[in-house]
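Enquirer: Assemble the complex: chain R is given as a structure, and chain V must be docked to it using the hints.
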Amino acid sequence: MQSKPIALTVLDIVSIIVLGAAAYLALVFAPTELVMGDVQRVFYFHVGTAWVGLLGFVLAAITGIAYLVTKDMKWDRFEVAAVEVSTMFFFITIVLGSIWARPAWNTWWTWDPRLTTAAVTELIYIAYFMLRQGLEDPEKRARFGAVYTLLGGLSAPITFMVIRLFRTIHPVVIGNASAEAQGGFSMTADMRTAFFFALFAFTVIFIDLLWHRIRLGGLQDKVEQLKLSLSI
Amino acid sequence: MSSTSPRPTFFKATMAIVQKDLVAELRSRELLSAMLVFSMLVILIFNFALELDIKVRQSVTAGVLWTTFAFAGTLGLNRSMAVEKDRGCMDGLLLAPVDRAAIFFGKAISNLAFMLIVEAIVLPLYALLYNEVRIFQPAFLGVVFLGSIGYIAVGTLLSAMSVQTRTRDVLLPILLFPVAIPVLLASVKASSGLLNNATFAEILTPLNLLIVYDVIFIAVAFMVFDFVVEE
Numbered sequence: 001m002q003s004k005p006i007a008l009t010v011l012d013i014v015s016i017i018v019l020g021a022a023a024y025l026a027l028v029f030a031p032t033e034l035v036m037g038d039v040q041r042v043f044y045f046h047v048g049t050a051w052v053g054l055l056g057f058v059l060a061a062i063t064g065i066a067y068l069v070t071k072d073m074k075w076d077r078f079e080v081a082a083v084e085v086s087t088m089f090f091f092i093t094i095v096l097g098s099i100w101a102r103p104a105w106n107t108w109w110t111w112d113p114r115l116t117t118a119a120v121t122e123l124i125y126i127a128y129f130m131l132r133q134g135l136e137d138p139e140k141r142a143r144f145g146a147v148y149t150l151l152g153g154l155s156a157p158i159t160f161m162v163i164r165l166f167r168t169i170h171p172v173v174i175g176n177a178s179a180e181a182q183g184g185f186s187m188t189a190d191m192r193t194a195f196f197f198a199l200f201a202f203t204v205i206f207i208d209l210l211w212h213r214i215r216l217g218g219l220q221d222k223v224e225q226l227k228l229s230l231s232i
Numbered sequence: 001m002s003s004t005s006p007r008p009t010f011f012k013a014t015m016a017i018v019q020k021d022l023v024a025e026l027r028s029r030e031l032l033s034a035m036l037v038f039s040m041l042v043i044l045i046f047n048f049a050l051e052l053d054i055k056v057r058q059s060v061t062a063g064v065l066w067t068t069f070a071f072a073g074t075l076g077l078n079r080s081m082a083v084e085k086d087r088g089c090m091d092g093l094l095l096a097p098v099d100r101a102a103i104f105f106g107k108a109i110s111n112l113a114f115m116l117i118v119e120a121i122v123l124p125l126y127a128l129l130y131n132e133v134r135i136f137q138p139a140f141l142g143v144v145f146l147g148s149i150g151y152i153a154v155g156t157l158l159s160a161m162s163v164q165t166r167t168r169d170v171l172l173p174i175l176l177f178p179v180a181i182p183v184l185l186a187s188v189k190a191s192s193g194l195l196n197n198a199t200f201a202e203i204l205t206p207l208n209l210l211i212v213y214d215v216i217f218i219a220v221a222f223m224v225f226d227f228v229v230e231e
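Protein sequence lines, in the order shown, are assigned to chains R and V.
My numbering applies: residue 1 is where the first sequence begins, and numbers increase by one.
My numbering applies: residue 1 is where the second sequence begins, and numbers increase by one.
It is possible that some hints are incorrect.
What the hints assert, rightly or not - Some chain R residues flagged as far from chain V (calculated, every beta-carbon gap over 10 Å):
#, residue
1, Val35
2, Ala66
3, Met88
Stated by the list, open to error - Which chain R residues face chain V? A few, computed with CB under 7 Å, are given here:
#, residue
4, Met130
5, Leu135
6, Arg143
7, Phe144
8, Val147
9, Leu151
10, Leu154
11, Leu210
12, Ile214
Don't read these hints as lab results, they were simulated from the structure.
Values in this document were obtained by computation on a predicted structure and should not be read as measured data.
Backbone N, C-alpha and C define an ideal beta-carbon position, used for all residues, glycine too.
Next comes chain V alone, as it looks inside the complex:
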């Protein structure tokens, strides 16, 4: 605590926002519970819609999981930004003497944390319900992690845009899904390859695409976030 500078460092500012979001969520639990219940409902609907028997599961597990994560992710992204907007928190954050990029990273990291928590609960549940132990391989979890990063990076940027429009809640999935397709496509390809014991060479292409788009989306979102929040 030796630094007396009135301007907090970039890292400190980012972490302060993450901490704020996590504490608020810990107290209310409204976001995580909504995402979790919603995820389970999506899986339930898939169960009826696709007749997830052992043969079908072989090929669609990755797709079902990623669809669930993408839907639950939009729910979380919408809520997390709407809270900031509704009570004028965003204006307060913007007035704070910190780099705007710190606000972006703060929001993105807390959104990522929520998504990872949901995934950490949904994956074991899915494994339990469908006797699917294949998903507990480190490479698969790594792909889930990488995919979530890219999805949240571009999602945080777009949710900051969509909350400022007239059609707010409806607009986020419409804006986000087509843009996030490279990440979702690569994630599904890589994870379903891993589940079906594909060779490393086979999943290398989607994996590369995934990493490239993670980097691109983080970099672009970081650069243009300023333009999205300025008044």
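In isolation and in its complexed conformation, chain R is listed as follows:
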């Protein structure tokens, strides 16, 4: 029996601490934005979860390629873990964005290019799970999954680029916003602290969850093998 590594336990505790600290910085420490008020505080977690969401999708595409090259199942476990954790984070991003959009844009959802591509990205990875579910052979499942994450990884960059290609109302806080962006603001030093800490905190939490999921995948495989050896 493989026991839980100590480093993982430490990371669990660190994750909880940084999440608490990020929440404190976002909700209490950062100054209230003048125009939007307290609802702007959603921004810190919104960008934090979006960052790890996209990070996971890019990681999944890279590990997908690694699997296709090496045919080592550990990359497949990594890939599933990255997609699963990121799909969840990206969903949180969309929900948080929606909560912010209600007071800022006066609507929960609008078919803006940025929002549309975010929804499409989320759908790609839901389709990924449906693809995997339809395949029984683990080796084939891994191969097809890798190919699909690679295709999905090609669509993730447009989610970022589209904001600059098409006119959108989604604000860009870092860099130049489109002229029609609504709800943009510039950050003060304290806001920046909260912002970067949120990015850092979610990166730590992401690594922690990713590690857990990879470990779970390994255990699942082991259970399958034990079941097989029993039935023989």
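Expert: Below, chain V alone, put in the same frame as chain R:
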């Protein structure tokens, strides 16, 4: 016929597959007729759903046409790959001493041919039914062609994957539509811009996106097709 090499050249192998598909289709006509009837039904449904009067048509023609092509395309892609799988043709093709990429290009070109034939019939019909002569400008037809290439490239790859799953027919649109969005989005933007007399600078962005994604999808599908068909 001077070459006696047992390994056919890449081009020859590709063309042999295209020829096989076209001849089979010419004899059975099951794929094209299904795609065509389906396309007309989709347009018919749009007619009721959107009340396609002259004002509405101004803005939705490109969208209606692309939705129709995308749906009809999935139908064709599914069928074309299912035929290979059902009668064990795919195994035969894989056993042939040719580059796997030739199989991909062969299938993709014949799929593209079917899609273009359907488009070549649906576009004039649409023009006739809705008195829409604007669609006969070379630039618009060029965008339709470019969009079909990208859609078919990634569609051929994904249909080779979806036929091997348990949920086969249902899965292809679910896999294909979200991935093909960049191509569809760019095509709709570019073609509706052309229909509404936009300046060249305005349609340049979607056009660039379309060409970039055509190249990316062809290149990626070409590179990974091997992994999808290997047993």
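Enquirer: Run every hint past the structure and note whether it holds.
Expert: Verification of the hints:
{"no.": "1", "hint": "Val35", "verdict": "holds, 31 Å"}
{"no.": "2", "hint": "Ala66", "verdict": "holds, 13 Å"}
{"no.": "3", "hint": "Met88", "verdict": "holds, 18 Å"}
{"no.": "4", "hint": "Met130", "verdict": "holds, 6 Å"}
{"no.": "5", "hint": "Leu135", "verdict": "holds, 5 Å"}
{"no.": "6", "hint": "Arg143", "verdict": "holds, 5 Å"}
{"no.": "7", "hint": "Phe144", "verdict": "holds, 5 Å"}
{"no.": "8", "hint": "Val147", "verdict": "holds, 5 Å"}
{"no.": "9", "hint": "Leu151", "verdict": "holds, 5 Å"}
{"no.": "10", "hint": "Leu154", "verdict": "holds, 6 Å"}
{"no.": "11", "hint": "Leu210", "verdict": "violated, 23 Å"}
{"no.": "12", "hint": "Ile214", "verdict": "violated, 22 Å"}
In summary, the numbered hints that this structure violates are 11, 12.
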